Amino acid sequence: MIYLDAAATTPVRQEVLDVIIPLLTSDYGNPSSTHEMGQSAARALDYARTAAAKVLGVRSGDIVFTSGGTESNNLALKGLALANPRGRHVLISAIEHPSVTEAAHYLEKHHGFSVDVVPVTSNGLVDLTALENLLRPDTTLVSVMAVNNEVGTIQPIGEVSAAARAVGALVHCDGVQAAGWLDMAEIARNVDALSISGHKIGGLKGAGLLMVRGKLALEPLVHGGGQERERRSGTENVAGAVSTATAMVHAAQSNAAGTAQSYGEYFINTVLTGLNTEGRTRAILTGDRIQRVPGIVSFIFPETGGETVLLELERRGVVCSSGSACAAGSTDASHVLLALGYDEEIAHTAVRLSFTRNVKEAEIATAARAAVAAVKAIAGD
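Taken in order, the sequence shown gives residues -2 to 378; the numbers are from our numbering.
Calculated from the structure, these hints are not laboratory results. Computed from a prediction, not measured in an experiment: that's the story for all the values here. One thing to keep in mind: the hints can contain errors.
[What the hints assert, rightly or not] The following label-pair restraints were derived from C-beta to C-beta distances:
1. 230 x 370: 23 to 29 Å
2. 134 x 43: 37 to 43 Å
3. 57 x 134: 33 to 39 Å
For glycine and all other residues, C-beta sits at the position ideal for the given N, C-alpha and C.
Given only the sequences and the hints, what does the whole structure look like? Please build it.
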């Protein structure tokens, strides 16, 4: 079986397993305990915080360990917006992850915030002119993801940040799909808060972090014992934190983006040339052809339908998805593709193929040929 659903989750790195197994079997103390086992766990947590901070180029005190990307996004939006008395206006892009959009809607419904949605271009990039026009003197927070989880487009975070900071707004970035592909320190330099999920880069599920500048006020979501500098109470998941930090270190050191660039282009070219002929378009690449990470490729198959293609691909030994794993089972069309301008019927025909860090060239070649063959088989060719 060829696994092409890395945007949903990735296998745990061996380097991660090597460091977390002792934390689960022998060094399992509570880091708040004063005895040696507790202090050993506390040292492991300190290592994780320092290592993650180094990857991002920030201070260790700026790292808040969480249960993953969804919690980090919620903590950023709710925590920063509610703690910042500057204004009650929030901007998010039209293609954000549901954990951002729903957190923004929560602020709107329960705390009287005004939320505006920044449109994107037809190739999936934030419309900077629209963003600038929507910014207001009372805009307190702008949230734009670094890389879209469905179509793989890289957003212009530097430009977004410059526009937001010109009016004094804070900037949050969902960096979950960027880790392992982009320079995370460069992104961190441009934002006030940055979300990362461990299992997207070879760490454990249920673990992640929020980088948030230590000087900023942050209203916690969880109250209790005051862990994480009173920003996220609860006994720390030491193994999860160490797994996230270790995965970040190895992802930053690897050349995954460079290796996968040619694979992504090969996959795109094979599918488009294999299915499209003069007068007949059976495959459409969604998102910008250039401004994208190589490991996320999304196609629309207007003649066949996405679910049918998924089933045929799995029958041929390739597993992938129709879009965000967090929306799996939903009958709604992708809000990302709708934002790009596709109608609901066409949006239902999308298939996302995403590569792991250790994908092999032969696997990409086989999967690309399988995609072409699957669509042709469904069409009766």
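Taking the hints in turn, this is what the structure says about them:
no. : hint                  : result
1   : 230 x 370: 23 to 29 Å : violated (53 Å)
2   : 134 x 43: 37 to 43 Å  : holds (41 Å)
3   : 57 x 134: 33 to 39 Å  : holds (34 Å)
Violated hint: 1 only; the structure is consistent with all others.
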